[in-house]
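Assemble the whole structure, with the sequences as input and the hints as a guide.
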Amino acid sequence: MGKYVIRRLLWMVLVLFVVAFVTFCLMHLVPGGPWDRDKALPQTVVDNLNRKYGLDQPFLIQFKNYIFNAVRGDLGVSYIYQDRSVTSIIMGGFPVSATLGLVAFLIAILVGVPLGIAAAIKQNSFVDYFAVIFATIFASMPNFVLGILLMIIFSVTLHWFPTSGWGSIRQIIMPAFALAALPAAYMARISRASMLDVTRQDYIRTARAKGLTERVVLVRHILRNAMIPVITIAGPELAGLVTGSFIVESLFSVPGIGRLFVQSVSQRDYGLIMGTVLFYAFAIAIINLVVDILYGMIDPRIRYD
Amino acid sequence: MSTLLDVRNLVTRFHTQDGVVKAVNGASFTVAKGETIAIVGESGCGKSVTSLSILRLIAQPQGKIVSGEALLDGTDLLKLSTEEMRKIRGARISMIFQEPMSSLNPVLTIGRQMTEQLELHRHMGQQEALAEAINLLKLVGIPQAERRVKDYPHHFSGGMRQRVMIAMAISCKPQLVIADEPTTAVDVTIQSQLLELIRGITDEMGMSLILITHNLGVVARYARRVYVMYAGTVVEHGPALSVYHHPLHPYTSGLLASVPRLDEPRKGRLAPIEGQPPDMMCPPVGCPFQPRCAYALPKCLTDRPELQEMAPGHFTACWVAFSGETLWQKT
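As given, the protein sequences belong to chains C and U, one line each in that order.
Throughout the first sequence, residue numbering follows numbering that gives the first Met the number 0, covering 0 to 304 in sequence.
Throughout the second sequence, residue numbering follows numbering that gives the first Met the number 0, covering 0 to 330 in sequence.
Derived from the structure by calculation, the hints contain no laboratory data.
Be aware that a few hints might be false.
[Said to hold, decoys possible] Anything over 10 Å on all C-beta distances counts as not near chain C; from chain U, calculated:
no. : residue
1   : Met164
2   : Gly216
3   : Pro238
4   : Asp262
[Stated by the list, open to error] Below, in silico cross-link-like pairs of lysine to aspartate or glutamate (DMTMM-like), each with a Cα-Cα straight-line distance of 25 Å or less:
no. : chain 1 : residue 1 : chain 2 : residue 2
5   : U       : Lys78     : C       : Glu213
6   : U       : Lys149    : C       : Asp201
7   : U       : Lys86     : C       : Asp201
8   : U       : Lys63     : C       : Asp127
9   : C       : Lys121    : U       : Glu82
10  : U       : Lys63     : C       : Glu213
11  : U       : Lys172    : C       : Glu213
12  : U       : Lys63     : C       : Asp201
13  : U       : Lys137    : C       : Asp291
14  : U       : Lys86     : C       : Glu213
15  : U       : Lys149    : C       : Asp127
16  : C       : Lys121    : U       : Asp5
17  : U       : Lys172    : C       : Asp201
18  : C       : Lys2      : C       : Asp298
19  : U       : Lys63     : C       : Asp196
20  : C       : Lys2      : U       : Asp150
21  : U       : Lys137    : U       : Asp186
22  : C       : Lys121    : U       : Glu83
We put the CB at the ideal spot given by N, CA and C, even for glycine.
Below you can see the structure in the form of structure tokens.
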């Protein structure tokens with residue numbers, strides 16, 4: 000187990016290196032640069048800026064310098080917010096996105112999974128139809144549409160929640176629901192399908208043939224098997240949610256990392272692009288590792304070697 | 000011998016999207032205390048559904064037991080409440096299923112899957128149940144039982160899993176064990192070992208055994224009496240040796256001819272039963288076997304034969320046999 004974690008962490012270093020290289024290449028291949036403005040800067044100014052940030056050096060030298068600095072924990076400075084380091088910008092936005100994402104993730108799990116389970120237990124009942132309709136609506140509604148609907152209903156009409164901003168619980172609720180709707184619908188569908196699949200398995204018939212009560216059959220035999228696919232999709236879902244969403248963060252004016260990420264690309268902010276991409280890859284790698292470990296705890300057929 | 004289980008005119012149907020499948024149509028049979036009987040027939044003849052109906056384990060909500068009785072020591076299982084029925088499963092009637100690979104829960108240890116039943120029906124504590132599980136595993140011939148009890152099903156081979164299923168089935172000392180094609184999914188070399196094991200243990204513990212199989216060769220060795228099922232009904236039944244040597248129904252004779260034999264010279268190709276098993280959504284009128292029968296009389300097309308005793312304890316439902324001719328008999 001310990002060896003497995005160490006091996007996975009070593010792999011992660013390699014993955015991060017490849018991600019860094021590919022991103023670095025793509026970033027420089029895209030036309031334009033960080034100094035493009037509506038009104039072009041004089042060439043001498045651009046040359047001086049390039050020299051200051053090392054952009055006049057050969058491509059591979061630039062990449063080497065970036066990696067050496069990154070290994071020492073220095074992700075460089077933002078080319079747009081010139082007085083701030085990339086690390087401090089990410090660390091400013093990430094806790095916001097992570098908080099919002101975690102709340103959304105919890106909502107998705109607490110709504111989606113029980114709904115899916117209830118739908119499967121009472122198949123073809125009112126609960127089941129409700130769950131299917133719920134899942135279909137929220138799986139097909141883009142979150143900016145849902146976000147605006149929430150604003151119209153709960154801010155403009157009912158005045159329950161503020162439309163935007165960050166800092167209080169009342170400001171988290173609407174963006175969290177806007178983010179949670181799609182994963183909740185997805186979780187409900189997967190839980191339902193998985194429950195129905197497990198219920199048909201031979202070993203469930205065996206469990207019933209032993210004379211176990213329906214409650215024991217459900218809790219001990221069905222649920223544990225049915226949750227395996229749910230955990231599989233919950234991991235990437237969590238990674239996606241805590242690393243922020245451009246649309247929802249922009250819509251509700253939440254100062255998270257998702258907005259930074261998209262802005263940095265359109266502004267060719269080389270330092271911030273590399274920083275956010277690497278951070279994103281790092282977060283996903285760590286979360287996947289945690290999910291794989293959890294997976295082995297629930298399914299004994301998974302082996303760590 | 001007194002009767003343990005008496006199944007009378009069992010009718011089970013499945014309501015599917017395409018129509019009503021009449022899986023079991025008035026099957027009747029009895030099992031005496033301590034007796035081994037066999038139910039034989041092709042795939043789809045209703046033998047598995049019959050056994051699942053007795054335990055009321057047929058798939059819900061499609062499956063429905065329409066009528067009939069299943070008397071266990073005089074109590075009709077089909078009339079019990081859900082809770083009363085649950086207390087019978089595993090405790091008084093247990094079942095060994097066909098597929099050892101998928102009949103054990105992949106995420107629970109073998110030990111846990113055995114102890115849950117012991118705790119439930121024999122009211123044992125955790126430690127006591129675990130010790131009993133180890134004893135049972137030893138009884139069915141699993142080496143290093145103390146260690147293997149902590150293993151998961153995927154650590155076991157198919158034959159070993161079926162041994163675990165056997166251990167589970169006998170763990171609460173039921174009066175009746177139903178083995179539904181217990182050896183279909185395992186190696187030929189393991190098959191006879193498993194059958195010997197099942198037969199040996201049930202005999203020793205005085206349990207009745209229903210052996211469901213499509214192999215009549217197996218039947219002659221292990222069962223005292225045999226019921227041959229076709230299209231959801233019993234078409235012939237009697238003492239195993241009598242049925243084996245003097246089949247009184249052309250279907251039984253066909254089943255016997257389709258089994259390869261090692262004790263006779265090889266005569267070339269095996270003789271299959273021509274045609275397909277009947278479509279159970281609209282079973283044939285008259286004798287159900289009539290469309291595939293080489294000896295069919297005009298009467299067979301219109302009138303359904305009822306079981307009649309032709310020899311001591313040996314019943315058949317065949318108009319041709321009633322007329323005294325058994326053209327299919329081996330000489």
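Practice prompt. Assess, step by step, whether the Cα of lysine 149(U) is no farther than 25 Å from the Cα of aspartate 127(C), and give holds or violated.
Written response: Roughly 38 Å separates the two Cα atoms, so the pair is violated.
Discussion item. With the threshold set at 25 Å, check whether the alpha-carbon distance from lysine 63(U) to aspartate 201(C) stays at or below it.
Written reply: holds, 19 Å
Worksheet entry | Holds or violated: lysine 2(C) to aspartate 298(C), with C-alpha atoms at most 25 Å apart | holds, 19 Å
Worksheet item: Is lysine 63(U) within 25 Å of aspartate 196(C), Cα to Cα?
Response: Holds, at roughly 21 Å.
Discussion item. So proline 238(U) supposedly isn't at the interface. Is its beta-carbon more than 10 Å from every beta-carbon in chain C?
Written reply: holds, 30 Å
Worksheet item: Is lysine 2(C) within 25 Å of aspartate 150(U), Cα to Cα?
Response: holds, 23 Å
Worksheet item: Taking the closest pair, is the beta carbon of glycine 216(U) still more than 10 Å from chain C?
Response: holds, 26 Å
Worksheet item: Hey, lysine 86(U) versus glutamate 213(C), does the alpha-carbon distance stay inside 25 Å?
Response: holds, 12 Å
Worksheet item: CA of lysine 78(U) to CA of glutamate 213(C), is that 25 Å or under?
Response: holds, 19 Å
Fill in: Hint consistency between lysine 172(U) and aspartate 201(C) [alpha-carbon to alpha-carbon, up to 25 Å]
This hinted pair holds, its Cα atoms lying about 23 Å apart.
Discussion item. What's the verdict on lysine 63(U) and aspartate 127(C), does the C-alpha distance respect the 25 Å limit or exceed it?
Written reply: holds, 23 Å
Item to complete: Decide if the proposed pair is consistent with the structure: lysine 86(U) and aspartate 201(C), CA atoms, cutoff 25 Å inclusive.
Response: Holds: lysine 86(U) and aspartate 201(C) sit about 20 Å apart, inside 25 Å.
Hints 1, 13, 15 and 16 from the earlier list are contradicted by this structure; the remaining hints agree with it.
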